[in-house]
Amino acid sequence: MTALDSVLVKCRTENRAALIAYIPAGFPSRQGCLKVIQTLVDAGVDAIEIGFPYSDPVMDGPVIQEAADISLKAGTGAAEVFEALKVASDTGTASVVMTYWNPIERYGVEKFAASIAENGGAGVITPDLTIEESESWLAATKANSINPIYVVAPSTKDPRLARVTSKTGGFIYAASSMGVTGTRESVSIDAKDLVSRIRKVSDLPVCVGLGVSTREQAKSLAAYADGVIVGSAFIKLLLNAKDEKAGLEAVSQLAKELAIGVREGR
Amino acid sequence: MESFDVLGHFGQYGGRFVPEALIEALDELEAVHNQTQKDPEFLAELAELHRTYTGRPSIITEAKRFSEHAGGARIFLKREDLNHTGSHKINNVLGQALLTKRMGKKRIIAETGAGQHGVAAATAAALMGLKCVVYMGEEDTRRQSLNVARMKLLGAEVVAVTSGSKTLKDAINEAMRDWVTNVHDTHYMLGTVAGPHPFPTMVRDFHKVIGEESRVQMLEITGRLPDAVLACVGGGSNAIGIFNAFIPDENVRLIGLEAGGDGVETGRHAATITGGTPGVLHGTRSYVLQDKNGQTVESHSISAGLDYPGVGPEHAYLHDVGRAEYRAINDDAAMNAFALLSKTEGIIPAIETAHALAGALIIGNELGPKANLLINLSGRGDKDVQTAAQYFGIPL
Ligand SMILES: Cc1ncc(COP(=O)(O)O)c(C=O)c1O
Chain A
1 MTALDSVLVK
11 CRTENRAALI
21 AYIPAGFPSR
31 QGCLKVIQTL
41 VDAGVDAIEI
51 GFPYSDPVMD
61 GPVIQEAADI
71 SLKAGTGAAE
81 VFEALKVASD
91 TGTASVVMTY
101 WNPIERYGVE
111 KFAASIAENG
121 GAGVITPDLT
131 IEESESWLAA
141 TKANSINPIY
151 VVAPSTKDPR
161 LARVTSKTGG
171 FIYAASSMGV
181 TGTRESVSID
191 AKDLVSRIRK
201 VSDLPVCVGL
211 GVSTREQAKS
221 LAAYADGVIV
231 GSAFIKLLLN
241 AKDEKAGLEA
251 VSQLAKELAI
261 GVREGR
Chain B
1 MESFDVLGHF
11 GQYGGRFVPE
21 ALIEALDELE
31 AVHNQTQKDP
41 EFLAELAELH
51 RTYTGRPSII
61 TEAKRFSEHA
71 GGARIFLKRE
81 DLNHTGSHKI
91 NNVLGQALLT
101 KRMGKKRIIA
111 ETGAGQHGVA
121 AATAAALMGL
131 KCVVYMGEED
141 TRRQSLNVAR
151 MKLLGAEVVA
161 VTSGSKTLKD
171 AINEAMRDWV
181 TNVHDTHYML
191 GTVAGPHPFP
201 TMVRDFHKVI
211 GEESRVQMLE
221 ITGRLPDAVL
231 ACVGGGSNAI
241 GIFNAFIPDE
251 NVRLIGLEAG
261 GDGVETGRHA
271 ATITGGTPGV
281 LHGTRSYVLQ
291 DKNGQTVESH
301 SISAGLDYPG
311 VGPEHAYLHD
321 VGRAEYRAIN
331 DDAAMNAFAL
341 LSKTEGIIPA
351 IETAHALAGA
361 LIIGNELGPK
371 ANLLINLSGR
381 GDKDVQTAAQ
391 YFGIPL
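If you're matching them up, the sequences are chains A and B in order. Going by the UniProt record's numbering, the first residue of the first sequence is number 1, and it counts up by one from there. Going by the UniProt record's numbering, the first residue of the second sequence is number 1, and it counts up by one from there.
A few of these clues could be false.
What the hints assert, rightly or not - Think about it this way: if two alpha-carbon atoms lie no more than 20 Å apart in a straight line, the pair counts; the simulated SDA-like pairs of lysine to any residue are:
(1) A:Lys157 to B:Asp27
(2) A:Lys111 to B:Lys292
(3) B:Lys166 to A:Asp69
(4) A:Lys242 to A:Ser29
(5) A:Lys157 to B:Met103
Everything labelled a hint here was simulated from the structure, so no lab data went into it. Keep in mind it's a predicted model, so treat the numbers as computed, not measured.
All chains, please: the whole structure from these sequences, using the hints.
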């Protein structure tokens with residue numbers, strides 16, 4: 001059992017959804033990211049997702065792209081990702097990395113999985129890795145006892161849902177709608193349908209992401225999902241804040257509200 | 001020689017590295033493409049369009065005066081520049097537009113660098129009554145304002161992409177984001193033999209007519225196969241188009257000319273196979289210009305159509321197994337060949353194509369007067385007059 005598996009079990013016994021927060025490594029700065037992590041933990045998030053900023057993030061909307069650009073310009077690479085991962089997992093919070101595939105391949109597939117484990121990481125979310133291309137990755141994650149986390153979408157048909165979820169560990173990342181990351185006015189009804197289709201083929205926890213930014217949205221998702229993933233909403237606050245202190249305060253406040261949201265859904 | 005397996009691999013290259021949201025659309029596209037390639041009615045419809053709209057078959061011109069500068073080797077130009085819209089790109093867009101209609105989709109999106117593929121896509125959309133949105137890096141909309149106007153005249157919407165490096169690679173990212181969001185009614189008309197499976201195979205299938213025609217024409221004109229076939233390589237569509245029919249002819253050398261920019265050694269180039277390493281970009285594994293963290297590095301070339309840090313996976317494979325060779329041609333050598341063809345043959349080539357012509361000058365001198373070289377003249381240079389005038393100091 002990874003730390004991620006444990007926290008999701010704990011949330012299940014508490015009859016609530018988990019709150020998972022995303023922050024790219026090196027954003028808003030190398031040190032700033034580490035402070036954001038501590039702030040999120042203090043505010044009560046259940047798990048942290050460290051993003052590996054990438055030059056060509058096709059699953060991401062303008063907010064995360066901007067954060068990635070800022071981070072890359074400051075020179076963020078694998079070392080900063082693993083540093084942030086260690087800081088996050090040292091707090092005792094379940095921590096994973098989210099990365100496009102090429103940085104893993106470039107670093108070395110086996111070595112990447114080993115470094116995740118060494119830095120206390122519980123798993124890796126790979127938004128552009130298809131199961132067909134996953135042979136070496138599945139072997140490496142297994143050898144290092146970390147969770148390979150795949151993303152599925154409303155367009156994923158049932159037979160394929162069964163195949164993808166059978167390769168997944170930790171939780172299944174359900175994309176709430178067709179589209180890229182970013183905050184949305186409302187979370188699409190597609191999410192509910194997708195989660196119920198996943199339930200028919202898998203017993204793994206299902207966490208929903210893409211577009212979540214408010215306590216109300218967290219609450220409505222928590223009614224049927226095992227976890228709620230929030231990224232762009234935090235990043236937007238940090239991008240718009242007048243200084244670091246204001247940014248951290250805004251992040252803390254939103255995380256606290258979301259933490260209430262995930263507890264009042266059922 | 002069928003060199004890919006069921007998952008769209010060419011050796012270790014190719015495949016699919018995309019968000020799960022796109023798998024359904026890629027599966028559908030693959031199925032429709034496989035069906036239509038075996039459907040005589042579809043193939044006849046496309047062939048008729050090529051005859052009456054594109055202007056196929058394209059002719060072959062022997063470049064006798066240009067040959068004098070190439071060690072006397074005989075040089076034959078496959079005139080894709082004479083196609084409607086002025087380049088090979090029309091072969092692919094007409095094929096994909098017919099597929100779009102078969103799939104019942106009403107909207108196409110496309111990326112473009114120089115604007116050639118964007119213009120071709122807008123043309124096909126106008127012809128078939130499809131809505132068309134073209135993504136183009138903001139930087140390129142400024143460099144290629146004439147083509148932006150052409151696309152608008154054809155009824156397309158042009159979106160200037162301001163993310164990342166604001167060039168072709170970011171236009172592809174933006175097109176993929178649009179596709180992930182609108183995949184139910186939208187087809188992504190990718191412009192080259194890159195991207196996730198089935199694009200590299202499908203786009204090749206729509207361009208292979210270039211090589212099939214040329215092979216017959218060369219046998220008619222010279223009584224034998226050429227010694228070498230040359231083409232410029234950006235993403236690699238015109239090159240794979242002319243190479244494909246010759247792949248089984250092991251005595252025919254296949255030579256791809258990449259954009260060397262200021263010189264591969266300077267780091268300012270777009271010679272992906274010559275100067276890159278294996279990696280994943282835009283949904284496929286191939287050679288990529290990347291740094292030690294796997295971040296894509298910006299490419300540089302005087303030719304906007306070759307200015308791309310990736311390359312089609314089949315080229316990566318043909319390179320690794322030794323069936324094709326790839327060399328880099330610097331900006332200056334390409335512009336020299338551009339001027340030479342214009343002055344010796346009365347044909348102004350696209351600057352992309354000029355890289356292949358510069359390659360012909362080198363290979364011709366290596367092989368000597370007995371050699372026959374076939375060059376894919378992938379496009380005409382009207383779109384490049386401004387760049388060329390600037391380069392040669394001609395006042396506008
Ligand atoms: C005339 C011409 N040749 C070649 C290319 C390069 O593309 P590819 O390598 O896919 O043939 C372009 C791209 O814009 C082009 O316009």
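So, going through the hints one by one against the coordinates:
1. For the suggested pair lysine 157 of chain A and aspartate 27 of chain B, the alpha carbons sit about 11 Å apart, so the restraint of at most 20 Å is met.
2. Between the alpha carbons of lysine 111 of chain A and lysine 292 of chain B the distance comes to roughly 14 Å, so the proposed pair stays at or under 20 Å and holds.
3. Proximity of lysine 166 of chain B to aspartate 69 of chain A is assessed by CA-CA distance (about 12 Å); at most 20 Å being required, the pair is judged to hold.
4. Between lysine 242 of chain A and serine 29 of chain A, the direct Cα distance comes to roughly 15 Å. Compliance with the 20 Å bound is thereby established for this hinted pair.
5. Distance hint between lysine 157 of chain A and methionine 103 of chain B is fulfilled; the C-alpha atoms sit about 18 Å from each other, no more than 20 Å.
Every hint, counting from the list given before, is met by this structure.
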